[in-house]
Amino acid sequence: MRKNLFFLFILIFWLIVLGFGLRIYADANWQNKVIFCDVGEGDAILITSKEHKSVVIDGGPDNSILLCLSKNLPWSERSINLLIISHPDSDHSRGAIEVLKRYRVSKILFSGALSDTQIFKELIAALEEEMREGATIEEAVAGKELALGNLKINVLLPTESFWQKKPATDHQAMVVVLLNLNKSLALFSGDLEKAEAERLASEETLPRVSLLKVPHHGSKNSLAKEFYKALSPEIAVISVGKNNRYGHPHQEVLNYLASQGITIFRTDIQGTISCLPSNFSWHCQTENSSF
Amino acid sequence: MFKNFFSYLSVIGLLSGLYLPTFFADPLSTSLHYPWPLFGGVAASFFLAGSLASRSPCAGLRPFALFCLGGLFTTLYIFNLPPFLPAGESLKFTGLVYDSKEETNSTLLFVKNQETGRKILVILPSKIPLVGKNLKISGKTLAPSARFLRLIKSEGLRGIVLANDWRESSSGFFYLIFNLREKTLNAIGSLLPEPEASLAAGTLIGKEAIISKELKAQINKVGLTHIVAVSGYNFILITNLIVALLREIFGYLPSLLLSLPFILLYAFLAGFSGAVKRAFIFILLILFGRLQFRNPPALYLLFICFIIAGILNPFTLFSDLSFLLSALAALGILSLGGWLRTQLENQPFLPRLIPQTLAETFSASLFVSPITSFLFGQRFFLGLLVNLLVVPLVPLIMLSTSLALFLSLLTPRLQSLAILIAFPLPRIVLKIITIASQF
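As you go down the protein sequences, you meet chains A and B in turn. So the first sequence is numbered by my numbering: it starts at 1 and just counts up by one. So the second sequence is numbered by my numbering: it starts at 1 and just counts up by one.
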């Protein structure tokens, strides 16, 4: 018995030494980066900064985001500073529930709009559980600003409060945010619909951004030309699943983006896409080839 | 020697009788298409081999009769199956969800109808963990498609329902166990990143691994599929630990009795997969033997496991891959492993730990390799080498994960230390898999 205990202590000692060494090595890998995870038909985006901060925007349709987070965060990092849920559709929030189960999330930003769906009930249960463990929830409404060191988030939509209210559709309370990472701007538009995008463009408050997450996986119903003109992005990322049943991204959207000289990245073809801020712009790399 | 051979022959006769007819059975129409010449030939072979083995013509009757008895049992089992639910009908029933399987956009629930006892596969267009709950389900019955055929056989399902409405009616003890399993899995998941978490949780209580397609292919290629699920090996390691701990506290005989509820609880926690079922029956038989101060040969106990599993559901062996692989690995270790270990122990140049690991790994790999090579494209010698490196690490992974879990539950402040303890070994195993799969 004593011999076994001695062996156990030796084993634990060496595991701690080894783990500590691996941790020091992994902690050196924090970078300013936006990662569009390849999670199939859905959105899941991870933003990290050199100051050891992490933001997740949506979680995709299943638990594939966990592999993406594990690959792109240091292995010993088990917390997320901010989780943004654009809306409660399952292709955006199912994976967010998995993130809430696995990571300690400090702050959650969402519109607070009510929904009748089963996934919404599950999401609320997961949020309540996370709040019991110390997370705070903030209402996403236009004008809200959050700063995590050199990583700044501005909420552009929704313009009115939907807290505890039921919108006509889940897309009406869509959370759209602007990221400023080391002075490079990116816009994350969730499943923003054409009418809302046009309204946002008409307000003339939209800044020019160099990186855009294309609304609604490249659906033609979200193609608002004024919106693209106002933003004038250099790079457009389409987060979409291979051979999806909706036919996303629609050819009309692809043609329009190409006609505007916008470089297109697609998760269904290029896998996970990582974009690094560089001189007020972005440099994107894909799993298969680099741009 | 011949007496033993004769006994084995009799057992094999019974097993063949139990399992052979399932090849020719259609569980959907509950009919059997017996190829009589084949069965007659097999029965005659058992008679002839038995007569030759015992050098008495009448002795051949025993394996012959046991083969016929097994065949008769399976025939009656198949004919007595309740008819499969016809497609296109509306159905409302209350049932207990005893297992579930997640698919991309839906969940497959395995439900036992409380009124009829019929096992039904319910397709739920959502992903909700409902295992252990009693549900009031209404939906439409579906025709059995080919992708469900293996499940229909291995689980004894008698209907498929696409649910359009379900409500929880109650939850009982079974739900508490499932909840405990979910909480344990989440606790491991919050300690470790993926796929290390899947590996650690897989060895400890088994789970559907969150791994990429590439890694899955690599694991299959190097023959380590058994480490991302609770295998008979893992189950026996844990039960040995339970018995040893209880023996330290309560002594020999009480520990055997007291360990039973813990082993049963662990079997539930491990999800009662095919491999766990096999190992559970095996452990029960060993404990029962020890209670009677007997130490029956392990190979006989394994045969009894096969017989019990065959009586419970004759389709198990050839439709439940987990059961088949676990049973073949155990058969290899128990039949060839002992002899090989003795031979290796006589070699003075081998370190003390090597003979047992090498003998067990080689014999288990040899017996499962025809199936794993065919199904997963596994390479025998590569698998053997990788298993030799990885198998000794499995108990250490189980130990370090359990310790890390304990520390993190004790106080959240110890979580960073727990992570350091739990991470290195699964990472080493994953590195070995990545490197080995390149060859």
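Hints are not guaranteed to be accurate.
List of simulated lysine-lysine pairs, BS3-like, C-alpha gap at most 25 Å [as the list claims (entries may be wrong)]: (1) B:K112 x A:K71; (2) A:K3 x A:K33; (3) B:K216 x B:K140; (4) A:K242 x A:K183; (5) A:K3 x A:K107; (6) A:K194 x A:K71; (7) B:K216 x A:K71; (8) A:K53 x A:K101; (9) B:K136 x A:K71; (10) B:K183 x A:K121; (11) B:K101 x B:K119; (12) A:K121 x A:K53; (13) B:K183 x A:K101; (14) A:K225 x A:K194; (15) B:K101 x A:K107; (16) A:K121 x B:K431; (17) B:K136 x B:K216; (18) A:K242 x B:K216; (19) A:K101 x B:K140; (20) B:K119 x B:K140; (21) B:K183 x B:K153; (22) A:K242 x B:K136; (23) B:K101 x A:K121; (24) A:K50 x A:K121; (25) A:K107 x A:K33; (26) A:K107 x A:K166; (27) B:K216 x A:K101; (28) A:K101 x B:K213; (29) A:K107 x A:K194; (30) A:K242 x B:K213; (31) B:K431 x A:K71.
To be clear, the hints were calculated from the coordinates, so they are not data collected in a lab.
Taking the hints in turn, this is what the structure says about them:
1. With a C-alpha separation of about 41 Å, the suggested pairing of B:K112 with A:K71 is violated against the 25 Å cut-off.
2. Taking the CA atoms of A:K3 and A:K33, the gap is near 49 Å; set against the 25 Å cutoff, the hint is violated.
3. Distance hint between B:K216 and B:K140 is unfulfilled; the C-alpha atoms sit about 35 Å from each other, more than 25 Å.
4. With a C-alpha separation of about 33 Å, the suggested pair A:K242 and A:K183 falls outside the 25 Å cut-off, and the hint is violated.
5. At most 25 Å may separate the alpha-carbon atoms for a hinted pair to count; A:K3 and A:K107 exceed this at roughly 47 Å.
6. Distance hint between A:K194 and A:K71 is unfulfilled; the C-alpha atoms sit about 34 Å from each other, more than 25 Å.
7. Note on B:K216 and A:K71: the hinted pairing holds, with a Cα-Cα distance of about 16 Å set against a maximum of 25 Å.
8. Under the criterion of a C-alpha separation no larger than 25 Å, the hint pairing A:K53 with A:K101 is consistent with the structure, at around 19 Å.
9. Simply put, B:K136 and A:K71 have alpha-carbon atoms about 42 Å apart, too far for the 25 Å limit, and the pair is violated.
10. With a C-alpha separation of about 19 Å, the suggested pair B:K183 and A:K121 falls inside the 25 Å cut-off, and the hint holds.
11. Proximity of B:K101 to B:K119 is assessed by CA-CA distance (about 15 Å); at most 25 Å being required, the pair is judged to hold.
12. A hinted pair counts as satisfied when its Cα atoms are at most 25 Å apart, and A:K121 with A:K53 does not qualify at roughly 29 Å.
13. As the CA atoms of B:K183 and A:K101 are separated by approximately 10 Å, the hinted pair is consistent with the 25 Å bound.
14. Between the alpha carbons of A:K225 and A:K194 the distance comes to roughly 9 Å, so the proposed pair stays at or under 25 Å and holds.
15. Restraint check for B:K101 and A:K107: not satisfied, since their Cα atoms lie roughly 32 Å apart, outside the 25 Å limit.
16. Between A:K121 and B:K431 the alpha-carbon distance is near 40 Å, which puts this suggested pair outside the 25 Å criterion.
17. Proposed proximity of B:K136 and B:K216 is contradicted: the alpha carbons are some 37 Å apart, above 25 Å.
18. For a cut-off of 25 Å, the pair hint linking A:K242 to B:K216 stands: about 20 Å separates their Cα positions.
19. Taken as a hint, the A:K101 and B:K140 pair is broken in the structure, with Cα atoms around 33 Å apart against an allowance of 25 Å.
20. Distance check on the hinted pair: B:K119 and B:K140 sit about 15 Å apart at the alpha-carbon level, within 25 Å; holds.
21. Distance restraint check for B:K183 and B:K153: the Cα-Cα separation of roughly 31 Å exceeds the 25 Å cut-off, and the hinted pair is therefore not satisfied.
22. In summary, the hint linking A:K242 to B:K136 is not supported, as the alpha carbons are separated by about 36 Å, beyond the 25 Å threshold.
23. Taking the CA atoms of B:K101 and A:K121, the gap is about 21 Å. The hint holds against a cut of 25 Å.
24. With a CA separation close to 35 Å, the supplied pair A:K50 and A:K121 exceeds the 25 Å bound.
25. At roughly 20 Å between alpha-carbon atoms, A:K107 and A:K33 fall within 25 Å of each other, so this suggested pair holds.
26. In summary, the hint linking A:K107 to A:K166 is supported, as the alpha carbons are separated by about 23 Å, within the 25 Å threshold.
27. Among the hinted pairs, B:K216 with A:K101 is consistent with the structure: their alpha-carbon atoms are about 24 Å apart, no more than 25 Å.
28. For the proposed pair A:K101 and B:K213, the alpha carbon gap of about 23 Å is at most 25 Å, so the pair holds.
29. A threshold of 25 Å between alpha carbons decides the hint, and for A:K107 with A:K194 the separation of about 30 Å lies outside it, so the pair is violated.
30. Pair hint A:K242 plus B:K213 holds up; C-alpha atoms about 15 Å apart against a cutoff of 25 Å.
31. Taking the CA atoms of B:K431 and A:K71, the gap is about 14 Å. The hint holds against a cut of 25 Å.
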